[in-house]
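**Q** The primary structure of each chain is shown beneath.
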Amino acid sequence: MVDVPLGPIGTAPSPATEDVELYHPHSWVTKYVFSQDAKIIAIQYSFVALTVGLIALVLSWLMRLQLGFPGVFTFIDANAYYQFITMHGMMMVVYVLTALFLGGFGNYLIPLMVGARDMVFPYLNMLSFWVYLLAVLILVASFFAPGGPTGAGWTLYPPQAIMSGTPGGQDWGIVLMLVSLMVFIIGFTMGGLNYVVTVLQARARGMTLMRMPLTVWGIFTASFMALLAFPALFVGAVMMLFDRALGTSFFMPAIVEMGQTLDRSGGSPLLFQHLFWFFGHPEVYIVALPAFGIVSDLISTHARRNIFGYRMMVWALLAIGALSFVVWAHHMYVSGMNPYFGFFFATTTLIIAIPTAIKVYNWILTLWRGDIHLNVPMLFALAFIVTFLNGGLTGLFLGNVVVDVPLSDTMFVVAHFHMVMGVAPILVIFGAIYHWYPKVTGRMLNDTLGKLHFWVTFLGAYAIFFPMHYLGLMGVPRRYHEIGEMAFVPPSAHTLNAFITIVALIVGAVQLVFVFNLFWSLRHGRPSGGNPWRATTLEWQTPETPPPHGNWGKELPVVYRWAYDYSVPGAAEDFLPQNQPNAQATAGLAHG
Amino acid sequence: MAVALILVLIALGSVAFHLWSPWWWTPIASNWSYIDTTIVITFWITGAVFVAVVLFMAYCVYRFRHRQGQQAHYEPESKRLELWLTVITGVGVAAMLTPGLFVWHQFISVPEDATDIEILGQQWQWSFRLPGPDGKLGTTDARLISPDNPLGLSREDQSGQDDVIVEGGELRLPIGKPVKALLRSVDVIHNFYVPEIRAKMDLVPGQVSYIWFTPTRTGTFEILCAELCGLGHSQMRGTVVVQEQKDYQTWLQGQASRSFARLSPDAQ
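Quick note, the sequences are listed as chains A and B, same order.
According to full-length UniProt numbering, the residues represented by the first sequence are 1 to 592, in order.
According to full-length UniProt numbering, the residues represented by the second sequence are 1 to 268, in order.
Worth flagging that the hints you see were computed from the coordinates, not collected in a lab.
Glycine residues also receive a C-beta, built at the ideal position from the N, C-alpha and C atoms.
Among these hints, one or two may not hold up.
[Claimed, not checked] Reference excerpt, derived from the structure (chain A facing chain B, CB under 7 angstroms, subset only):
1. F121
2. L124
3. R305
4. S335
5. N338
6. F341
7. L389
8. L473
9. M474
10. P477
11. H481
12. S567
13. G570
The following block holds chain B by itself, in its conformation from the complex:
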């Protein structure tokens, strides 16, 4: 009896906690509300299964508890029941997987009009690179990194000369414009993670990975490193500042002095 009651309390208590606890995701600030929708679908399906199974257990524990003279029912298997349960489970799984894969396809398909930016990780700070007036990022190589070329840009590549370099943690983005963030690390694996944007991806040395998103709300959001990168991992923070288009353009024009060509004069 006590056991059955506790099982009921666990099932109902978990649902109550889910509905009424103060801990939930942060308000979204990107186009990835699709991801939130798939999470909600998954919560509903899995929650229903959890409650159903635990309540059924509680019922069995109460109804079929040992009493004098009771005998269990002998029934090795029931093909029909097992088949039905398999089919229903298959349907439930498909109901979660299908929207999941659909959204994943969107997640990895970058829109044509996305602006390329670069996010670079190193122990334990973030740097960013924005394309200059030509709209293109120049090529890089970790072996070119030096004190006056901290991101390792190629000096031969003309499209890199006007790239704006931001070291030390603040990335500005205009609202409503899709960005494709090219992710690069020069030492160990890091992970670019902004909870409000929902997207995250590792920065792996020796290769370039990417994510894309469209900021949908102005404000300042925290960048966290989400892949263990050594002792300073939890201090590796930065900020994303999402601004109105005109504020962003004003800021960007003021950054001409931070172009690669100006910062590293021997690039000429």
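Okay, chain A solo, but in the shape it has when bound:
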């Protein structure tokens, strides 16, 4: 794999391609606002997603204040509390993590890493962002709508999601949520098709699939999965909207609400859960796979060592992607579905642990015998391994059907999924921003602020979510506005809750240091040059930094090697860029 001969390349057309098909902006507006350049679109996506992330962060503060100090903040009543948790969850999962990994990192990195001038459908790409922004605006508008946003929980389970006992159920909240999701999916589909087709069709000469950086593999697989998974959510949203607005009964059986018999019958609440989780479980991996890919590249670059077991890493990504479509009902072990499903879904769920474990092994084996530079991106990558490992292992509790029974719907679940798909991917996002910021701006982020941000975020997040598992093990249920008096909950548990809240406030506050760093370094950061990390992948080899429209100047790069030629024995430098021909490399490459 490492030393693939370059035979076929000789017959390909000249790399000096005219960029006639690329759209060139003519004004400031078409260059920076209605831009068709994937790099600008990436920044737009990232900026909006990070802004939504800050809103979601404030919402998490508010809900933690209520849990840590119940009754002190009287404005957080049950109504507000359920609205906060719902909006926090949906924002983080869909509008922050999905949008940032695919719309943000996908747009910036795919064309640069595969050696293309841009996405293959630039106009569609632009529309994708604006439709995403519209979805965000609709979602945020629900804060100002009569009745406020929906408080149905991010899973939006009917019947309660559209009934009067739930905030926003009979007001605008749930309607705006469903419409916003539908708009988001429309926008994502435009972007997702772009990412997939660009990877398949627009790679530079010599960039075989098995030479692609794992970042591209992760984003590519996740985009493909999202194109298959989001339609299930879309139809679920349409059907619930019909139930809510037109009085249909897709999800509504015969119901007596507060003594009143509703005019509904024959629907199935479980049908929605199947649709939701057929989307919802792949969604976990839609967030995780780009993080897997990116973290592989961070570790390899900063450990100056090839990623260990590259081929296995690619197959593991694909295996996880495929398996994630047959595990969805592990979210429904105690839902009242046919209990015999438990055998099947527990088995598939635990099998998925095997390719996932292989990835963890290969990350740590990349560290082994490396030359580890503890730069800020590397610190975040190491923290990712710890938190992802922790969250992945607690997944073995929840996936194993009967073990899930006492833990389901408790704080154990909250701790698990925050560790595995909240903290871990967000640490990767931070690491990736510290890593690629120099390419985007030409300047380094401040290192001291970066380390402060890192240590408080990592240790704080661990201190929040690790003890929380034990509250759940004790039996403290999730989604409780007030735990109140429970005979089995000792006073020390309330102290723990207050501790978690205080740490959460600190971790939240330190994100302002990060935001400050982002803006401050724009002007005052140390100039980075084109390849500050001495990395091999194509985005670091652009003629100019930041890369201009069209990325590569006159000639597209030609790829001669895989993405991980670090510390090749006998080479002059400890990295060989992917576009460096064999001839220029020091002779005597001894492979494998």
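Since the structure of chain A is already known, use the hints to place chain B on it.
**A** Relative to the frame of chain A, chain B by itself:
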């Protein structure tokens, strides 16, 4: 160095927290100690993996930290090592899954001698129905619910006439006798959860789900709703009172006045 040390502290600190923190499950009050056993097995296996991986990371970060003149080892892959790790992981997963599925089979197989009871959820309270002298529960339909028939029992079904109806939150059960709880909701999804019993299951409108368990200890235990059911979710509480057999029988005989036929006379 500092990074390696902190990684070691995280691994050891997590184990110490697990062993010595005051937060652990509540003493069990049902036959599902098998579930506790599978949790303990899972804790041991996953804990060992967590500690091993994090300590290995700490070792690598210390041993292979960047120093002047150091070069990383170039080795794209090692089929043997990867195969071994895959096999070992597979064995570990099987060691957790096998007992898990075994216990799950018990969990869903209701014993012959279990008594049927009904647990009904509505926003935001619990109601219960116990079979009368005939030992059978009558059929129900949510559309029959009315002020004098709050659980929606069918008036035609004779086996429902002697059913004992308990509204508002206290379920009594005899110790040592398996019960099959039939779970029903009339409005939104709820979840019957008693931490000491370990079992839990959703109550879904439009269908009947079930769990079974055998109370193994007398006492009063709290029922929580564990599925978000609207604004009153965290106030939806009830109690299970587990009694000695004879105390329970005495109580049950006193409940004849709470049979469906007596409560809703026009059922006759």
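**Q** Look at each hint and say if it fits the structure.
**A** Verification of the supplied hints:
1. For F121 (chain A), the interface hint is violated, the least distance from its beta-carbon to any beta-carbon of chain B being 35 angstroms, above 7 angstroms.
2. This hint is violated: L124 (chain A) has a C-beta 37 angstroms from the nearest C-beta of chain B, more than the 7 angstroms allowed.
3. For R305 (chain A), the shortest C-beta to C-beta distance to chain B is roughly 4 angstroms, which falls under 7 angstroms, so the interface hint holds.
4. Against a cut-off of 7 angstroms between C-beta atoms, the interface hint on S335 (chain A) holds, since the closest Cβ of chain B lies about 5 angstroms away.
5. Evaluation of the N338 (chain A) hint against chain B yields a violated restraint, the C-beta minimum of about 9 angstroms exceeding 7 angstroms.
6. The beta carbon of F341 (chain A) is not positioned within 7 angstroms of any beta carbon in chain B (closest approach about 10 angstroms), and the interface hint is therefore violated.
7. At a threshold of 7 angstroms, the smallest CB-CB gap from L389 (chain A) to chain B is about 6 angstroms, leaving the interface hint in force.
8. A hinted interface residue such as L473 (chain A) counts as satisfied when its beta carbon comes closer than 7 angstroms to some beta carbon of chain B; here the least separation is about 5 angstroms, so the hint holds.
9. Hint on M474 (chain A) holds. Least Cβ distance to chain B is approximately 5 angstroms, under the 7 angstroms limit.
10. At about 5 angstroms, the closest approach between the beta carbon of P477 (chain A) and any beta carbon in chain B falls short of 7 angstroms, and the interface hint on this residue holds.
11. Checking H481 (chain A) against chain B by beta carbon gives a least distance of about 5 angstroms; that is within 7 angstroms, so the hint holds.
12. This hint holds: S567 (chain A) has a C-beta 4 angstroms from the nearest C-beta of chain B, less than the 7 angstroms allowed.
13. Hint status for G570 (chain A) relative to chain B: violated, with the closest Cβ pair at about 10 angstroms, above 7 angstroms.
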